[in-house]
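Next come the chains, spelled out residue by residue.
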Amino acid sequence: MAKVYIYKSFERFWHWSQAALIFFLALTGFEIHDSFHLFGFEKAVAFHRTASYLLLALIAFSIFWHFTTGEWRQYIPTFSKLQAQIRYYTVGMFKSEPHPTIKSARKKLNPLQAVVYLGFKLVMAPMVILSGLLYMFYKSFDVNDMIIALNIPLEWIAVIHTLGAFLLMAFVIVHVYMTTTGHTLTTNIKAMITGWEELDDEPENGNENSKNTVSEGEVVETKKTKENE
Amino acid sequence: MNRVIVYVIVVTIIVLVSVNLLHKTEPLNLSQYKLKQEYATKDKPSVDHTQFEILNQDFKTPQDVTVACLECHNKRHEEVIHSSHWNWERVAYVEGKGISKIGKKNVLNNFCIGANTNEQSCAKCHIGFGMTSNSFDFTNAKNVDCMVCHDNSEEYIKGAAMAGYPDRSVNLSKVAQSVGSPSKINCGSCHFYSGGGNNVKHGDLEEALLACDRNTDVHMAQNGINLSCVDCHTADKHQMKGKLYSVSSTDVNRLNCEDCHSSRPHLDDMLNRHYDKIACQTCHIPTYAKENATKMAWRWSESGKLKDGKPYHEEDSLGNHTYLSIKGEFDWQKNVEPEYKWFNGNAQHYVLGDIVDTIPVQINTLLGSADDIHSKIYPVKVHRGDQIYDPETKLLIQPKLYSPEKGDSAFWVDFNWDLAAEAGMKRMNLPYSGKHEFIETEMYWPVNHMVSPKDQSLACADCHTRDNGRLASLTDFYMPGRDRNNWIDLLGNLLFWGSLVGVSIHGLARLINSFRKNEMEAEEINTDQ
Ligand code: HEM
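So the protein sequences, as listed, match chains X and V.
Residue numbering for the first sequence follows this note's numbering, starting at 47 and increasing by one per position.
Residue numbering for the second sequence follows this note's numbering, starting at 18 and increasing by one per position.
It is possible that part of the hints are untrue.
[Said to hold, decoys possible] Below, a sample of chain V positions facing chain X; criterion: calculated Cβ distance under 8 Å:
| id | residue |
| --- | --- |
| 1 | His481 |
| 2 | Arg483 |
| 3 | Arg501 |
[Unchecked claim] Label pairs and their computed distance ranges (CB to CB):
| id | chain 1 | residue 1 | chain 2 | residue 2 | range |
| --- | --- | --- | --- | --- | --- |
| 4 | V | Ile31 | X | Leu168 | 28 to 34 Å |
| 5 | X | Arg95 | V | Gln256 | 44 to 50 Å |
| 6 | V | Val23 | X | Thr225 | 21 to 27 Å |
| 7 | V | Val21 | X | Thr96 | 23 to 29 Å |
| 8 | X | Leu168 | V | Asn485 | 37 to 43 Å |
| 9 | X | Phe82 | V | Ala314 | 37 to 43 Å |
| 10 | X | Gln64 | V | Asn240 | 52 to 58 Å |
| 11 | X | Leu179 | V | Val27 | 24 to 30 Å |
| 12 | X | Phe85 | V | Val108 | 52 to 58 Å |
| 13 | X | Leu168 | V | Val23 | 25 to 31 Å |
Everything labelled a hint here was simulated from the structure, so no lab data went into it.
If you're wondering where the values come from, they're calculated on a predicted model, not measured in any experiment.
Using N, Cα and C, we set each Cβ at its ideal position, and we do this for glycine too.
Using the sequences and the hints given, assemble the complete structure.
So this is what it looks like as structure tokens:
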């Protein structure tokens with residue numbers, strides 16, 4: 047095991063501000079949807095719109111970052127160990143089987159994560175963002191100017207946007223829960239906050255003396271179970 | 018070091034954004050301010066009519082006054098006799114009917130039904146003298162009544178049932194010397210009392226506007242900009258700007274809020290966006306009939322009941338007639354929330370002689386729909402009632418209502434519907450089968466006056482809400498906050514709750530699993546020892 051600097055500062059900034067924005071957009075969006083009352087419709091709309099601009103700007107930066115750093119490659123799906131990964135979460139982890147894949151700075155995502163996050167980036171996010179923009183500028187041009195999206199009924203746009211929002215919510219729930227499946231409940235979250243994570247050495251080394259690097263009590267527990275295998 | 022700079026920048030941006038979002042002083046709406054300045058000064062007349070020799074005479078007839086006016090204003094009568102105030106009709110292209118004339122001469126309403134055969138009484142609100150029947154000469158300029166609109170002395174009133182002649186008490190020479198631009202009461206003497214009493218018909222035009230505060234009407238308020246009717250309803254060549262769709266049918270010569278306020282009047286872009294689909298009146302007139310009640314329903318079917326052979330009346334606590342033997346039964350309402358309709362500025366009317374094909378009969382129909390780009394949502398007073406109808410010919414009946422004496426078939430004195438129907442339809446050259454019924458009717462009056470101060474206008478959630486919003490009855494479009502696709506919501510909720518339940522179960526399983534392991538370990542350790 048070694049402490050590895052896995053999430054760079056921009057990545058962490060991007061991750062948490064995007065999380066906050068999506069949470070806030072969901073809050074205001076579902077108020078607009080009249081699912082509950084919090085800010086009042088008028089403020090909810092104003093906040094939703096402002097936050098959506100921030101999200102757009104953030105995503106523009108993050109796209110730039112992904113491509114300039116080559117980090118986008120992290121999301122190329124590999125199907126070879128996908129099944130093993132699914133088996134791990136459904137069966138393996140209960141039998142204390144080891145993670146089928148190794149996390150490293152070069153390969154941060156397991157195959158399941160890669161696929162799901164790719165889905166997030168290629169399906170869910172574009173779905174809410176594009177429909178959100180259409181929603182925002184729906185028939186906002188004067189009769190004499192060009193009218194965009196004249197013949198798309200608002201209901202379709204709203205339906206896609208709402209569905210995207212629900213998908214995002216489901217994603218967030220599962221995503222937050224999955225962070226607790228690291229070495230300890232909070233390892234993953236801590237890593238995303240500090241950038242550093244204790245990782246197994248790249249080619250898994252059975253003789254590695256894990257106790258040397260373990261400092262916190264909770265980690266000891268997991269390590270013990272590992273030793274019991 | 019670098020990191021510190023980045024943090025400082027980020028924090029600064031967040032602080033700036035939140036200051037901007039949270040702190041808002043209301044900026045001055047400059048265009049609104051300019052308008053107020055413009056209308057704050059009132060024009061003074063440039064001549065003094067008391068100084069004119071020709072007006073210092075003892076006028077024998079009101080026509081003599083008109084002749085005197087025309088001595089100087091020697092072309093004005095030509096303008097007047099082309100106006101709808103004079104002609105009681107307008108030429109219009111009507112879909113399905115072609116070029117036709119529409120107005121009080123041939124459309125009905127569901128108040129006093131129609132002027133035909135009742136001119137003697139109804140002409141109290143005609144800007145002419147001597148309209149006793151439909152043979153009135155609309156080309157004789159001498160019969161133009163200049164005074165009813167231009168008297169500034171409040172001396173002039175038209176006589177009751179005098180075919181448009183002034184009351185005998187009026188001092189014509191005093192009136193002739195005090196003419197000027199029409200004031201509120203000149204317009205109001207007809208438009209406030211139409212339908213037989215104050216605020217009966219419109220609901221948003223009534224005598225309270227003569228002296229009201231801003232809560233009642235921001236435009237006409239005495240403690241506000243105190244506009245008179247003609248400040249907005251200007252009249253180039255005596256053709257009034259603006260029209261009412263109880264008698265008008267086409268989208269021409271309308272008076273719109275944006276004529277003064279522009280089509281982007283708000284400082285808030287979100288509100289301005291609503292301009293394309295929502296008429297200003299919709300949000301800015303949350304209720305009408307704010308001071309005095311207006312008639313909401315009129316059931317002619319109840320009329321004609323007598324007590325001891327005599328007509329009688331009943332009143333509600335506010336002094337409004339709820340029953341009149343000559344007219345029937347009424348519902349009155351104050352502070353009424355309008356109904357809302359899509360409207361593109363064109364309307365259709367039931368014209369005398371049209372076959373009835375819907376019940377309730379649509380006395381007038383405001384045209385428009387959500388997918389018509391020229392339509393906007395307008396507030397409307399809907400007046401409901403029933404009135405006399407011939408079930409054989411399927412025609413609404415123009416009854417003869419008024420006569421000064423008995424035995425002339427007039428319902429208001431003889432109380433015989435049969436005779437009244439026969440006399441009325443005969444005058445209109447329309448058939449009457451001898452059978453009559455009462456049929457339900459609806460009439461639509463767009464609400465335009467009694468604009469409220471802005472803090473009382475409708476707020477977003479008055480419409481953008483799931484249940485019982487103001488626009489709940491307009492279902493032909495998707496409105497955020499009100500509408501949703503139930504399937505998507507079901508699917509979404511399944512996804513949402515499904516994920517929550519799913520992760521909970523998974524988490525619980527892990528928890529139980531780890532407990533078990535701990536126990537086993539503990540046992541192992543125990544046995545080890
Ligand atoms: C760049 C991203 C986004 C844009 C441009 C956007 C824009 C909009 C707009 C314009 C509306 C209609 C209300 C209004 O006029 O303000 C809306 C509604 C809504 N938004 Fe967003 N939005 C975005 C992201 C999100 C996200 C991330 C969520 C949730 C996770 C979300 C959830 C909703 C919901 C639930 C509604 C209500 C839809 C309805 O009931 O019709 N939005 N959004």
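Status of each hint after checking the structure:
1. Because the smallest distance between the Cβ of His481 (chain V) and any Cβ of chain X comes to about 5 Å, under 8 Å, the interface hint for this residue holds.
2. Taking 8 Å as the C-beta cut-off, the interface hint given for Arg483 (chain V) holds, the closest approach to chain X being about 5 Å.
3. Hint status for Arg501 (chain V) relative to chain X: holds, with the closest Cβ pair at about 7 Å, below 8 Å.
4. A hinted range of 28 to 34 Å holds for the C-beta pair Ile31 (chain V) and Leu168 (chain X), which are about 30 Å apart.
5. The beta-carbon spacing between Arg95 (chain X) and Gln256 (chain V), approximately 45 Å, falls within the hinted interval of 44 to 50 Å.
6. In this structure the hint that Val23 (chain V) and Thr225 (chain X) lie 21 to 27 Å apart at CB holds, the actual value being about 25 Å.
7. Between Val21 (chain V) and Thr96 (chain X) the CB atoms are about 28 Å apart, so this pair conforms to the stated range of 23 to 29 Å.
8. Judged by the Cβ atoms, the range 37 to 43 Å given for Leu168 (chain X) and Asn485 (chain V) holds: they are separated by roughly 41 Å.
9. For Phe82 (chain X) and Ala314 (chain V), the hinted distance range of 37 to 43 Å is satisfied, since their beta carbons lie about 40 Å from each other.
10. At roughly 53 Å, the beta carbons of Gln64 (chain X) and Asn240 (chain V) sit within the given window of 52 to 58 Å.
11. Distance hint check for Leu179 (chain X) and Val27 (chain V): the Cβ-Cβ separation is about 25 Å, which falls inside the suggested range of 24 to 30 Å.
12. Look at Phe85 (chain X) against Val108 (chain V): about 54 Å separates their beta carbons, and that is inside 52 to 58 Å.
13. In this structure the supplied range 25 to 31 Å holds for Leu168 (chain X) paired with Val23 (chain V), their Cβ-Cβ distance being about 29 Å.
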